[in-house]
Each structure stands twice: as C-alpha cells, then as structure tokens.
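A.B. asks: Protein sequences appear in the order of chains A and B.
Sequential numbering of the first sequence, starting at 184, is according to this note's numbering.
Sequential numbering of the second sequence, starting at 5, is according to this note's numbering.
Source of the hints: derived by calculation from the structure; they are not laboratory data.
Keep in mind the model is a prediction, meaning the values are calculated, not measured.
Think of the CB as a built atom: it goes at the ideal place given N, C-alpha and C, for glycine as much as any other residue.
Please note: incorrect hints may appear among the correct ones.
[As the list claims (entries may be wrong)] One-sided and incomplete, this derived list gives chain B residues near chain A with beta-carbon spacing under 8 Å: (1) ARG69; (2) ALA87; (3) MET88; (4) ASN90; (5) VAL93; (6) ILE96; (7) ILE97; (8) ILE139; (9) LEU142; (10) THR153.
These are the residues of each chain, in order.
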Amino acid sequence: MEEHIRYVIDGYTTQRVEDIKDGLRSHLTNLDDNVKIRKVGYKVSLSFRTPATANIMQCEDIDELLSKLGVMVTRIIVSRVVTYESATDTEAVSKRLNVNLLIAALSDGKTVERSEGIILSCKKRDGKWIRI
Amino acid sequence: MDKNLGKENNEKIYRFSQEGKELGISNNVLAFSLLSAIEEASNYFTELLLSKCGNPTLMRNISARIYNERVIKYELFLAIYYAMQNYDVETIIERARLLSSKWMNILNNNIDVKSEDLNEIGTYYTNYDTMEKAISELNKDESCGILNTLVQM
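Same shape as in the complex, but just chain B (with noise of 0.2 Å):
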C-alpha cells in the first residue's frame, strides 16, 4: 500500500464520517466507513512492521493468514492503542476483545449504531497519527518479534 495514499484515504474516510453527521447520513453508513478506516490503519501499521522486519517468510505468512481476518486486525489496532496507554494486560486483552466484537457484531449484523458507539470509533480513529510515529520508532527487532507473536493468532 502507498503510504501515503492509504492515510489520504483514511482521511477523507474520516472527514465525510464527521460531515456525513451533518449531512444526515445513518449512523450505519457513517460507522461501516470508520471502521474500514481503522482496518486500513491497521493494514498500514502491519505494513510498517514488516517493512522495519525484512523477514520476507514472516511477510508471506502475515499476508495469507491476516489479512483477511477482520477481527485480527481491529483486535492489533486497539492493543496498540492501549498498550500505548500502559493498561495491564488482562485490561488489554479484554477490552481489545469486547470492542472488536463490537464492531464486528456491527458490521455483521447491521444493528443500528448508536451516536456514542460512532463516536467511540472515531476517537479510537484519532490516535491514528500518534500510534503510527509510536510504531515508526520501532527497531527491527521489535517489529519482527510483534510480527512473530501475531503470524501466530
């Protein structure tokens, strides 16, 4: 993925999520688009990793077991977020669970999202830009051992 292009995307994802409340689009509409921002975010952070990593065994591997598993990857998106945040780890595994249940349950299922679930997801979406320097300031070690752990789930 272009970086650059994949955040210019997320971004404007992001801003028709806040002028689509506006605009009256359903909540719905507003919450699946947020939610394949925060998967591209997600994508993008793996991306990184494996670039910082260089293990191209660990990057074929990543790609045919991850990528298509939705849950994984909001599941690594919100335990980064709150490993950023220093919880412990049962703090982090259970709520990294319970939302991506969550928004799994919302996409599956399309149950009427409320405003606060909205908006729970963009504020998770706002750390995009602090989670990606976190994970830019990686050293290859680091990467390839988040890697391993997650090749694995």
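So here's chain A without its partners, still in its complex pose (with noise of 0.2 Å):
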C-alpha cells in the first residue's frame, strides 16, 4: 500500500495538453508517471500526484505555478489517497453493492487509488482564493 498526495485542478487554458503536462514535470520533480490532463475546448481539468512525505502546496501557490504555464485555476482539490493492487472479492451475485469494486472501477484500473479525504479545497472569488 502505497500514501500520495492527489491534486484535482479546474481551469481554463489555451494551451496544448501536452506542454501542460512537460511544463508541470519541469517545475515538479517530485510527480510520478500519474498525471491526466482532459481539455474539452478552453476548460482543462487536471489530476497528479506527489509523495505522501512532500510539502503540501498550498492553492496561492498552485495557481502561481499554473498561471506560469498558461492555465487559468478556478479550484482546487487536494486529498489524501492510498494505493493498493486491485483484488476484486468475487462473491456470488447478490444483491447488495460491492464498494471496493465499484471504488477500483471510478479510480480507474489494476491498481486502486483510493481517497482517505480531501485536506484541502479552494476556489477563486473576485480574484482571491477562499477555502471551501
């Protein structure tokens, strides 16, 4: 079981998806190959993640760095997530729901990412930050 640092960004951009992404793997070293980007016309939506033990950024600075690259931030969302290999329990079909498979499935693949809580959320007003 592996402890990351996830951070969920919306925003607008004209930039192209793939220099985002060079741009925030030049100014953070600490990202692992997790990084998704999805732009539907000038709206982008990002999510990376940093190690358990790293400095949590703060959304002033988050919204500073991204600025730099050409991305415009209107929130913010940083949870506390665990990763752990998918063992899917396969009990008989029954009619009660199976969590753990439903979470595997909307984390997105062989390895679960699972969130222990958001630890911090914010979203811009009149041009300043406020905690939500």
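Starting from two chains that each stand alone, build the complex the way the hints lay out.
C.D. replies: Here it is as structure tokens:
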C-alpha cells in the first residue's frame, strides 16, 4: 500500500495538453507517471500526485505555478490517497453493492487509488482564493 | 432534489418512452427522454450518498464538478450497475466507458437511434429500484469512500 497526495485542478487554458504536462513535470520534479489532463474546448482538468511526504502546496502556490503554464485556475481539491493492487473479491451475485469493486472501477484500473479524504479545497472568488 | 418527486418524474419519463413507441414517437426523442431519466437517477444516487456521508466540503465540490458532467453521471450509473453484477474491474471500466460514450454520441450528434439501442437504455433504467435499494443500504464510510473517488474523476 502506498500513500500519495492527489491534486485535482480545474481551470481554463488555450495551451496544448502536452505542453502543460511537460511544463508541470519540469516545475514539479516529484511527480510520478500518473498525470491526467483532460481538455474540452478551453476548459481543462488536471490531476497529478506527489509523494505523501512532500509539502502540501497551498492554493496560491498552485495558482502561481499553473499561471506560468498558461492555465487560469478556478478550483483546487487536494486529497490524501492510498493505492493498492486490485483484488476483486468475487462474492456470489448479490443484491448488495460491492463498494470496493465500484471504487476500483471509478478510480480507473488495476491499481486502485482510494481517497482518504479531502485535506484542502479552494476556489477563486473575486480574484482571491477562498477555502471551501 | 425531492426524492419522491424525482422518482415520480423518472417513472413518468419511462412510461412515456414505452407508450411513445405505440404512438409512433421517434426513437431519438424517446432515447433523449430515457437518457435524461438515467441522468436524474445518477443525480439522485449521488444525493443519497451525500446525505449518508454528510461531509459539506465533499458536497460543495461534487456539486461544482459533477453536476455539469453528463458523461460522469452515465459512467457512475453504469459502474454501479456492473459492480452489482460483480463483473471484474476491467470489464466494468470498459463497458461503462463504451456505453457512456455511445449515449453521449446519441445526445450530441443526433444520430438515428435504433430500436435495440433504445431497448438497451430502457433495460438499464429498469434496474433503478434495485440500485436505489443497494445504495440506501450503504453505511457512512462506504458512501464517503465512493464520493471521495467520484470527486476526483
């Protein structure tokens, strides 16, 4: 079982996804391969993680970093997550919802990432970052 | 959302889609209405989980991030459905992705909807009650766990 800090960031950009990804990697050297960026029109969502021992970046710092990469950030969610190998316990078909299986599917794969909860979340209002 | 009102509306939409076939209403219109019922069902499941979890930070972030994302709502609905069938993880992910993008395609590209596609959407919808019951049996930790993952999608 491994622990990480996961950052999920929403915003707007005119930049290319690959350029943002490269920029992110050159500014943050402690990222692993799990960097996801989804862009629809100008709307963008970024998701990446750092080791659990790394300092937690504050909203203002994240905003400053991403504005250098051409992303106007509107919302930030920081969570503590643990990852583990997916062991799907196959119980007989029941009417009960298999929560571990659902979380594994929503978290995208063989290695399950389960969130232990949000540790910081904020949004920009009138040019200022407020905790939500 | 008022639980009973939402459910009642959804039942009406489902009935409309069944009776509409007899009345000769086009498959596209019926598919649109069934898909909106599925979207509402997914909203309602999320509401149920939020009320069980009771975490206001999660609630605000889910509201802002998920409620505008139709594709995530479909994926959630389908992932719950397949998880209840105990499919393996890869199959759930693959099927949920495939079908939700098929449904998005129906909504966005105005393609001709075949009768079998319409029936397929209807079949998923008819599992609403079983899914609702399963979600209402989850405890606080399980509900928060699902929402914590959902908010990062």
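A.B. asks: Hint by hint, work out which the structure violates, then give me just those numbers in ascending order.
C.D. replies: Structure breaks no hint.
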